[in-house]
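Protein chains: 4
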Amino acid sequence: MVIVFTKDATEQDIIQVIQKLTRLGLDIHRSTADERTMIRILGDKRGIDMRDIETLPGVMGIHKITDPYLMVGREYQKQDTRVTVRGTTIGGKDIVVMAGPCTLESKEQITATAQAVADQGIAILRGGAFKPRTSPYSFQGLGFEGLKLMRETADSLDMAIVSELLDIRDMDRFVELVDIIQVGARNMHNFPLLKALGQAGKPVLLKRGMWATIEEWLLAAEYILYHGNMEVILCERGIRAFESQTRFTLDLASIPIVKRRSHLPIMVDPSHASGNRQLVVPMARAAVAAGADGLLIEVHYDPRKARCDGAQSLYPGQFAQTMEQLEQIARAIGRTIQRKQG
Amino acid sequence: MVIVFTKDATEQDIIQVIQKLTRLGLDIHRSTADERTMIRILGDKRGIDMRDIETLPGVMGIHKITDPYLMVGREYQKQDTRVTVRGTTIGGKDIVVMAGPCTLESKEQITATAQAVADQGIAILRGGAFKPRTSPYSFQGLGFEGLKLMRETADSLDMAIVSELLDIRDMDRFVELVDIIQVGARNMHNFPLLKALGQAGKPVLLKRGMWATIEEWLLAAEYILYHGNMEVILCERGIRAFESQTRFTLDLASIPIVKRRSHLPIMVDPSHASGNRQLVVPMARAAVAAGADGLLIEVHYDPRKARCDGAQSLYPGQFAQTMEQLEQIARAIGRTIQRKQG
Amino acid sequence: MVIVFTKDATEQDIIQVIQKLTRLGLDIHRSTADERTMIRILGDKRGIDMRDIETLPGVMGIHKITDPYLMVGREYQKQDTRVTVRGTTIGGKDIVVMAGPCTLESKEQITATAQAVADQGIAILRGGAFKPRTSPYSFQGLGFEGLKLMRETADSLDMAIVSELLDIRDMDRFVELVDIIQVGARNMHNFPLLKALGQAGKPVLLKRGMWATIEEWLLAAEYILYHGNMEVILCERGIRAFESQTRFTLDLASIPIVKRRSHLPIMVDPSHASGNRQLVVPMARAAVAAGADGLLIEVHYDPRKARCDGAQSLYPGQFAQTMEQLEQIARAIGRTIQRKQG
Amino acid sequence: MVIVFTKDATEQDIIQVIQKLTRLGLDIHRSTADERTMIRILGDKRGIDMRDIETLPGVMGIHKITDPYLMVGREYQKQDTRVTVRGTTIGGKDIVVMAGPCTLESKEQITATAQAVADQGIAILRGGAFKPRTSPYSFQGLGFEGLKLMRETADSLDMAIVSELLDIRDMDRFVELVDIIQVGARNMHNFPLLKALGQAGKPVLLKRGMWATIEEWLLAAEYILYHGNMEVILCERGIRAFESQTRFTLDLASIPIVKRRSHLPIMVDPSHASGNRQLVVPMARAAVAAGADGLLIEVHYDPRKARCDGAQSLYPGQFAQTMEQLEQIARAIGRTIQRKQG
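Protein chains in written order, with this note's numbering: chain A, 13 to 354; chain B, 13 to 354; chain C, 13 to 354; chain D, 13 to 354.
Chain A on its own, in the form it takes in the complex (with noise of 0.2 Å):
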């Protein structure tokens, strides 16, 4: 067991833990790298409440040396990782919201919901055109063809595009489409697709598995870093629980969990595991407040015309003002809403 401190530690802080550690009855190796002070603890810690030493000031985290990432962890990289596409800087003071339908429908809703968030301040769409449908008998998508049309409508506005890559057999067409690869929850433990996405040469969005505990999903994002890209954006999407009242249980506190253990930017989508576009502006809220570097929105310029997920898609009017809510909580947390200029 390894605790780490953070790169401005002051030696009262580190003398502090070393104290505490003796008088616990345990032996401890203190050594320094990089500007970092790491002790090492050597006694029998049984019994002992970590929580009481990882919470003192100065302590980054407490790691066992069974910890399997690396690359996606703090100690691998201190400095927020940034990824920027087409001048947006996902991960730094800015919180960058993504918007657009959940799935490509038709030219018409296509220009039409582009418009709409891009009136908003939006840089980045999203849509999808290859879709994961429970059921074989669903709409599945209007795939390349949708592609394109949303790759055009965005070249138009001066967008970047974001969607779901379902097929590894369709990665080089795609990333030729595409400014950011996004890997739906489904497919978050599909192995093969990690590592050719490390091979991508674009940012890859990496929605959390509705199974996955927290460091499961850092291991997938570890997977991409380990094959060579470094851009990974996660996005919190909700866990499978009980309740059923909503399709999926946001785990908010993934936000404060993953922004201590990685240097990763995380984001949050509230349009799936809400299911309901009156739980969508609170849940979005609350993710902005709780720390998130960005959401993904589910907007359509008409959702009762939507094919898919119409319920959780928000009216152009709406958007609008939770965008101005999220400005003012963003504002209470000292960060702000990214906003293209007209």
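Since the hints were derived computationally from the structure, they do not count as laboratory data.
Be aware that a few hints might be false.
[Unchecked claim] Straight line, CA to CA, 27 Å or less: simulated DSSO-like cross-link-like pairs of lysine-lysine:
1) Lys160/B with Lys207/C
2) Lys207/D with Lys160/A
3) Lys32/A with Lys317/B
4) Lys32/D with Lys119/C
5) Lys207/D with Lys90/D
6) Lys32/C with Lys317/D
7) Lys32/B with Lys119/A
8) Lys32/B with Lys317/A
9) Lys352/C with Lys119/C
With chain A fixed as given, assemble chains B, C and D onto it according to the hints.
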């Protein structure tokens, strides 16, 4: 199935719903009572996604005849329940923070911590005298002796008290000492206790069981109302899911869901769910952003000395900063944090 | 960390473990007491998969010093606890089936159902007089009137009674009428009740809370033992998971886990977990195959007339067939189903 | 809502259901097709507990028109699907045990383990060549080299092979080497893979995702059937719940539920859910008792040397004993364990 409209739904809202239902091939029966319109659906509802109707303007909710609760529902009472304790109102525009130690430990601890939270304008002091501990070998609380100390301290600072009642046989003595009776998560389905609380003559703070669906939780509240006590405050404190980095998973979506279905105020306890003070602050902010009417926060004048859950208690200084942040978040959504004038 | 050996572990078994630990670079301290060997591990256990040692021949288990329970553990008492009620022993080689209606409803129902299960050699009659119902509008049980009817019926058939105690204030009257006091899942963490049961002078059947880990369940039992009552029978009845086709998910792996860690008998209630009689029979068979010491099964002389949970009650004929199947399953693993001679 | 009767339902069974529905105030429409009667319910089903009808004699099930699957359902195909591989039939009266190492490691390991299981009459050898590992730092499998070794070994012992396909791009080479293609839990929602398997021309063993409801699992199978492959074997391997003493919680109730709803065979993998060989044996017995059509069990000729999951692999001697016990359990429910003549 009955579509219930809000009191201020316009005739146009209602006509829109009727037309939508008609287009779906459904017969309907419209009725108005107590200034509120209801539409009962008569035809074959198979295959219709009711969320499309639930989200139309003017619709308050869709109720199945099989909905088991009555008195806690918005149909039974449209306006929000407000519970006033020693001049402090829970369930109004002001968000109420109740704070204090997890467990009452000593006179010194109670007075020092109470003073620290009173300094922040806190009007309601929390503190456990009877502790539900998973192990018989853990400290079980100071009992009535602790409660009396807390009462004296609160009186000297003109504060109200909220504390957990564990044993139904203690009810009479308990009611004399506390202002709000807390039902812990583990007692949410203690039916004799719920019934007795219907006659207790004091407001009840009802925590959600970590296994309980929102419907089961509202039904537990229904027991208290049905047995005569309308002053119930709900408190979300996390449910059990598979993630092990936190003790429980805070289900913040329960806030907007409860707000729509029930007139009862809803608070959040970010301390017990997190189990770590570094998570308490962001989750408290998120709860306010999601629309909570109050917070229950653990503060200790010196958490390092705490006999129980020290790692999740805030330092007085942290608590003061947190109150600042919460005020700004509250303002962003048009609310305020209640603070007593010194 | 302590490796505890079984009483019949050979010297060779012990040497094998010591050599394995030594090869891993660990120091050890060996001691023997009460014919049992224990090895305390002294070195640095980081990165060692203890399952490799736990599964070696002769090893009973690996116990952390931090294990919170004592009296329910195998270290405290090596031989299985046997609870004998009116000549029927739970926790021995015989598997004990307790059967009867979910809820006591009427004299006719009690006598007809009791006779039906007595015909199958059942020695212990189950039946609820005080029902924990999620809704205050549901039938709450016949109370003491029902319990007296059940007592009379049981006496006339020379049967014992198991029934659920809901209200701690009923303890004295309750104890006079029943032979085994059932603690329902919702009361598993009702600590005043657990403490009082330590002094009740009657065996306790403790159901697992639907939110409770196995460790929390054993700790709840520890409360009863610690407060003076060694006669506790555990009963698995399903935990809450996301699957909604069954009410609860029966965690049958709890049987072998409890068997290794504790000396207490463990039963299974397949009726409540399933909520559907067509699932009760296969799950009852599975419970016996997994090593349960007993079953708690709902039977109704005419389930179509049941006021509560009729769908999960077996018909008398079904029950008779089920008993046949269970006998064959029991024989397959060297046990028998206990049946009273008529 | 449609009540579907079994083929052998008597006229009296049907009349009884009609009378029950009529007494409940419902109108009905009766039709018969393909020797099977169906009753469509026309009236207002509010507040009626359909379980009371579902459990009447002659009723096969109650199907909502909104049931999403078709081809995997019992309505589509009444008789059980039987999948025959090299003369061994899965889905018939015989229970089929597939056994072998978790992961292929070396020629010595494959041949020794294959021989050990062949000695027990096992006809289908399991073994992973491509491993889905949560960490990129874990052993990822021998790949096609391992698969070829396994093929040679199996051929020399006249065994069939089941192995997991991870990467859709490997399909063509994979199909040439294995007899049954395994889809791991993590790939249950890999839709491109499911579609491709519809054209694979080989039977598919589809594991349940640890997050998946039974309905989602059947829908995943529906993808494979819909795309052309009727030979799908389901495999329960545990879902994620909060209990941490086991890796996953085996949901054995899924067996009778799947059996009623679908014609597809269902197996159980007790090894991965347990993570500990001392749990594997009782859970294997329980699975057979609950009605499973087969088991997937990990055996290693020397588990102490295993590179992966050694703790959950059975020793050859344990496996032989387990087969004995399983045979007796199977006999108790009128089935047999399939064993090849040596």
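How the hints compare with the structure:
1. The suggested pairing of lysine 160/B with lysine 207/C holds, with an alpha-carbon distance near 24 Å, which does not exceed 27 Å.
2. Proximity of lysine 207/D to lysine 160/A is assessed by CA-CA distance (about 24 Å); at most 27 Å being required, the pair is judged to hold.
3. At most 27 Å may separate the alpha-carbon atoms for a hinted pair to count; lysine 32/A and lysine 317/B meet this at roughly 13 Å.
4. This hinted pair checks out: lysine 32/D and lysine 119/C have alpha carbons roughly 26 Å apart, not beyond 27 Å.
5. About 24 Å separates the Cα atoms of lysine 207/D and lysine 90/D, which keeps this hinted pair within 27 Å; it holds.
6. Under the criterion of a C-alpha separation no larger than 27 Å, the hint pairing lysine 32/C with lysine 317/D is consistent with the structure, at around 13 Å.
7. A C-alpha spacing of about 26 Å is found between lysine 32/B and lysine 119/A, which places the hinted pair at or below 27 Å, so the restraint holds.
8. The straight-line distance between the Cα atoms of lysine 32/B and lysine 317/A is roughly 13 Å, inside the 27 Å bound, and the hint therefore holds.
9. With a CA separation close to 24 Å, the supplied pair lysine 352/C and lysine 119/C stays within the 27 Å bound.
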